[in-house]
Amino acid sequence: MLSLKQRFDFLFRSTKGLVLVAIAMISLVTAIFGMLSGPMAELGVHDFVVRLLGIKLVEAEREGRIIMLYHSIAQAVVAIEVYLITAQVAMKGGQKVRINSTITVGYLTSMIFGLGFAYFGRFWVFHGLFIFGQSLVFFAGVMLAAALWPWNVEYHVKSRSYAHTRSGLDLERVAFFTMAVATLGSAIFGAVAGSNFGNGFEAFLAEDVIRQPYKTLLQDAIIGHLHIMLTLIAIAVTLIIGRWFDFKGPLHKIAMPLMIIGTIVISLGAWSVVVIEAAHTIIYVGSVFVMLAALMLVIFGWRELIREGLKAAGPKKSAVIAGLRRLLRDPLQFGALWQMVFMNFTVSGVGIFMAAKLDEVFRVWPWREERIVLTGHWHILSGIIATIILLYYADLAGLQGRARRWFGWSLIIFSNLAFASVTVFEMKRLFVSEAQQQPLVDTVMLLTDLGLAAVLVALALLMIWRLADLYWKRGRWVYELTETAGSGIDLTGEAAAPDRFRDPGAVGSHTAAAK
Amino acid sequence: MKHWLFLITLTSLLLAGCAPVGVEASSAVNSPPGIATGIDPDAWNSIPAGEFLSGQHEHPTAVDYDYQMMVTPVTNAQFARFLTDALASGEIKRGNVGIIDYYPGDVFHSVKHEIEISAGDYLLLPLDKDELRLVEDGDGFQSKTGYENHPVTMVTWFGAQAYCQFYGWRLPSEIEWEKAARGTDNRPFPWGETIDSHYANYYGSRDPFEVKTGKLGDTTPVGYYNGQTYSGFATLDSASPYGLYDMVGNVWEWTADVYKAQHYRYLRGGSKADYGYNLRVWTRNNAAPDYYSPNVGFRCARNAS
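From first to last, the protein sequence lines are chains A and B.
Numbering-wise, the first sequence is residues 1 to 515 according to my numbering.
Numbering-wise, the second sequence is residues 1 to 305 according to my numbering.
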């Protein structure tokens with residue numbers, strides 16, 4: 001009984017356990033509901049799963065189902081980010097516990113009952129609980145924003161290495177706070193419109209109204225909401241990875257103001273979609289700030305990795321080869337930043353090209369084809385965010401040696417293969433005429449399925465490893481639980497960024513997480 | 001060594017995916033079996049006046065007149081006959097790349113993304129595309145062998161409208177099309193509640209034509225899904241409540257409506273290259289009126305009187 005309680009404590013009271021549960025829940029949902037579409041549907045697995053689980057699929061409710069599925073997964077991702085933020089950013093112990101427990105109950109309630117409503121019959125109590133769960137997630141967000149309040153002198157930086165104001169205000173904390181507040185505003189933005197369309201269940205997907213010349217304010221709000229929420233999730237993960245790398249120095253000092261301004265401008269741009277024709281231009285401006293900040297993190301992180309390699313190699317070896325070897329030695333650290341770079345080819349690049357050539361190219365294509373590009377690049381961005389989180393989690397989970405390398409490289413190579421293939425699929429009309437697409441479609445579909453399958457296998461193996469670990473009396477979970485016994489968290493600001501709390505001007509070693 | 005073996009196997013698999021399936025596919029496309037389905041492409045069925053449930057959210061919508069629609073999409077043989085007759089009579093003419101006709105233009109509202117469709121000659125059908133299933137002979141046009149009763153494709157909205165007008169008919173409005181496909185209940189597909197590969201020609205539906213050409217598929221003869229079994233491939237009767245065939249799948253169908261502030265024309269029904277959910281009767285697609293595709297065809301409507 002005691003051991004059960006200890007395991008429960010690990011899964012629901014430690015940061016690593018909470019992250020593990022959320023990843024496991026997303027994996028489970030992806031595994032089950034992924035079988036209802038794509039190659040699994042073509043292979044007949046769809047029908048088997050529907051019969052086995054008693055899933056009720058009403059054609060007219062497809063869009064509503066998808067919306068609930070997206071929200072269920074997205075809120076679990078948000079929960080993971082919140083767990084990591086409460087662990088990385090200094091705040092009071094009580095605040096951490098309250099935020100984490102509220103969001104855990106929230107996303108689990110929302111996911112379980114939301115999917116129950118969407119896929120297993122329209123039992124309205126479940127719908128109410130789905131909304132209730134979302135409300136708890138929102139309330140946890142309010143508490144997080146309060147806990148992140150950056151103007152508390154207690155949280156001012158004490159090292160000049162980090163972006164700060166003259167008074168010592170921690171600009172990275174301001175960036176976290178801004179992201180949290182913008183996320184709350186954007187959630188309200190979507191909730192208002194969602195309440196309208198949910199009332200009577202005239203649910204629609206944003207891509208289905210994209211070509212309407214006259215959209216209602218609430219339709220525009222839905223489009224703005226989905227874009228800004230995904231963007232803010234990406235901004236949050238960038239800040240989290242910055243903490244992992246102990247991002248600091250001159251680049252940090254430039255990046256954080258850019259991130260703060262960018263977050264504000266993008267959010268205002270997305271919200272103004274309902275009233276201003278030029279909202280897209282505002283969003284582009286904000287995106288430039290945020291992407292520059294992310295670029296600085298990538299430069300910083302890779303430079304640190306190379307520097308360590310050079311230091312270890314000594315003067316005898318070629319500097320370039322030694323640096324490159326170190327850069328690529330740990331795929332988890334390299335990969336988390338590489339995925340941010342790769343995103344530019346498959347998401348930002350596609351988005352900018354699409355915006356530039358919208359009337360000339362994409363609006364010449366039939367609507368359904370434009371829709372494929374839109375949904376494709378949103379899905380890729382979500383996928384990239386997921387892989388970055390998984391790479392970081394694999395590090396937190398203590399993956400070492402060959403398993404670490406195989407997992408990391410599998411995730412990078414196969415996700416890149418899949419996402420690049422999807423991008424080619426989206427853009428196929430640029431390369432081949434409609435009648436000649438079959439060989440190209442066959443090839444990219446095969447590569448996409450191969451890439452995604454390999455990523456899912458790697459994820460499944462990671463999950464099985466951690467699940468099996470729970471059976472051991474002295475598994476890793478015991479160590480991780482002990483690690484958290486004192487404060488309920490394991491990645492305190494002090495642990496994740498040791499320099500942050502040192503004396504002014506002190507320059508310490510690289511991140512504690514770097515191995 | 002094991003790593004190398006794995007890499008070589010993986011590379012081989014990837015390269016296998018790049019194999020030139022188009023070579024075999026092309027030859028198969030050019031010599032399909034010309035299957036007689038027993039469904040007459042020249043037939044029309046009546047749709048009575050009355051209310052029906054339109055759209056995904058089932059809004060009661062009135063159509064307060066009787067009208068008729070073609071039982072199947074227009075076939076290659078029918079369109080070849082039209083080209084021959086209309087060219088001979090001077091109703092349509094040849095342009096640089098295909099057949100053209102005069103269109104009086106749309107009202108332009110200068111809304112963002114709207115493209116002006118002014119009065120002038122517009123392309124009905126390109127003649128320089130390999131995908132075209134029509135050939136010219138000394139006397140005019142005819143269908144490529146075996147494709148006579150397949151739906152005509154590569155026709156622009158202007159071409160679809162010109163065909164219908166030539167015979168004194170018109171393209172159906174979106175509402176007329178949807179009522180004809182759905183009837184008066186809330187079914188998502190013309191035949192009922194669910195879709196499987198025996199009902200219609202869509203992406204991955206594994207019909208004999210798709211097996212030869214790949215998942216993007218080839219057109220099936222009109223009325224193919226009528227309950228018959230063809231060389232071991234069993235079909236189910238997919239007629240709409242008003243006895244219309246191929247209302248979904250096979251080819252998207254142009255509809256008549258010209259909406260304020262947009263140059264797009266709307267397409268209904270989904271095609272051989274679309275996933276099954278695109279075949280739900282309320283699904284809309286659109287494209288510029290000069291767009292043509294091997295996945296797009298049309299059928300005509302006319303007033304009951």
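Honestly, I wouldn't trust all of these hints.
To be verified - Below, a list of computed lysine-lysine pairs in the DSS-like style, where the Cα atoms sit at most 25 Å apart:
id, chain 1, residue 1, chain 2, residue 2
1, A, K5, A, K473
2, B, K93, A, K357
3, A, K357, B, K112
None of these hints come from the bench; they were simulated from the model.
Status of the hints after comparison with the structure:
1. A:K5 with A:K473: holds, 13 Å
2. B:K93 with A:K357: violated, 33 Å
3. A:K357 with B:K112: holds, 14 Å
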